[in-house]
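Enquirer: Given only the sequences and the hints, what does the whole structure look like? Please build it.
Number of protein chains: 2
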Amino acid sequence: MSSLLDYEKSGGLVAAIAQDYGTGEILMIAWMNKEAFDETLATGRACYFSRSRNRLWRKGEESGNVQIVHEIRVDCDRDAVLLKVEQVGDAACHEGYRTCFFRKVVNNELITDGARIFDPKEVYKK
Amino acid sequence: MSSLLDYEKSGGLVAAIAQDYGTGEILMIAWMNKEAFDETLATGRACYFSRSRNRLWRKGEESGNVQIVHEIRVDCDRDAVLLKVEQVGDAACHEGYRTCFFRKVVNNELITDGARIFDPKEVYKK
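Just so you know, the sequences run in chain order A and B. Take the first sequence: its letters are residues 1 to 126, numbered as in my numbering. Take the second sequence: its letters are residues 1 to 126, numbered as in my numbering.
Hints in this document: simulated from the structure, not taken from any laboratory. We put the beta carbon where it would ideally sit given N, CA and C, even for glycine. Treat the hints with care, as some may be off.
[Said to hold, decoys possible] Derived list of chain B stretches under chain A, where covered just means 3 residues or more per stretch with a C-beta under 8 angstroms from a C-beta of chain A:
| id | region |
| --- | --- |
| 1 | 5-19 |
| 2 | 23-34 |
| 3 | 39-48 |
| 4 | 65-76 |
| 5 | 101-112 |
[Said to hold, decoys possible] Below, a list of computed lysine to aspartate or glutamate pairs in the DMTMM-like style, where the Cα atoms sit at most 20 angstroms apart:
| id | chain 1 | residue 1 | chain 2 | residue 2 |
| --- | --- | --- | --- | --- |
| 6 | A | Lys-84 | B | Asp-119 |
| 7 | A | Lys-104 | B | Asp-79 |
| 8 | A | Lys-104 | B | Glu-86 |
| 9 | B | Lys-34 | A | Glu-109 |
| 10 | A | Lys-34 | B | Glu-109 |
| 11 | A | Lys-34 | A | Asp-6 |
Expert: Structure follows, in structure tokens:
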């Protein structure tokens with residue numbers, strides 16, 4: 001099924017960019033192995049591979065903020081995918097921001113200008 | 001200077017997404033080492049690190065299609081950057097398409113629907 005992609009260049013993984021389907025905003029970048037890509041195709045929900053936890057990461061499994069996949073695009077050398085998604089809960093980042101790219105570089109410093117949607121302490125109760 | 005970023009998680013590299021500054025279209029994804037990121041900051045032109053050629057890759061060095069950087073954003077764990085760029089020549093992909101993501105997945109096949117701007121045989125004369 002996902003012989004569509006070349007997993008060899010990054011040790012069994014491809015990069016996966018999630019972009020808001022409506023606004024075009026980049027929400028996050030993560031990784032997929034073959035299993036994650038196949039599950040994403042089959043379910044229409046973004047499933048990544050967490051390198052730090054070394055397991056499938058069904059986006060939203062804790063927070064409820066799943067990503068509904070509207071389109072999947074593949075780059076020229078087939079080692080990256082672009083998911084056009086609808087972000088449930090309006091926040092993709094585990095820090096509670098709409099996008100993981102909530103900071104910009106200004107004069108060699110990181111300035112936060114992204115919108116914070118939720119307080120992570122409230123959402124990820126351990 | 002680029003202690004702004006965490007290069008350790010991917011062996012000295014960070015992922016770099018280029019997004020059209022005006023339209024929001026994702027043009028490509030590549031990699032940067034510290035030297036490439038510092039050069040990008042210093043020059044305002046996108047400079048990547050080519051894993052296949054194992055050297056700095058000044059985008060547009062052959063084709064002339066440089067990327068003028070308008071904004072640099074950094075993700076939550078500081079191992080990915082988002083460049084908002086102006087794509088000179090209107091094509092980011094070495095295959096002549098506007099974006100490297102010129103194909104989408106439809107029924108487990110890759111369908112090309114991206115706009116081809118130039119013929120690579122004409123541009124990359126060897």
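Enquirer: For every hint, state whether the structure bears it out.
Expert: Okay, the hints, checked on the actual structure:
no. : hint                    : in the structure
1   : 5-19                    : holds (count 4)
2   : 23-34                   : holds (count 6)
3   : 39-48                   : violated (count 1)
4   : 65-76                   : holds (count 6)
5   : 101-112                 : holds (count 8)
6   : A:Lys-84 with B:Asp-119 : 28 angstroms, violated
7   : A:Lys-104 with B:Asp-79 : 14 angstroms, holds
8   : A:Lys-104 with B:Glu-86 : 17 angstroms, holds
9   : B:Lys-34 with A:Glu-109 : 15 angstroms, holds
10  : A:Lys-34 with B:Glu-109 : 15 angstroms, holds
11  : A:Lys-34 with A:Asp-6   : 9 angstroms, holds
Of the numbered hints given earlier, the model fails hints 3 and 6; all others are met.
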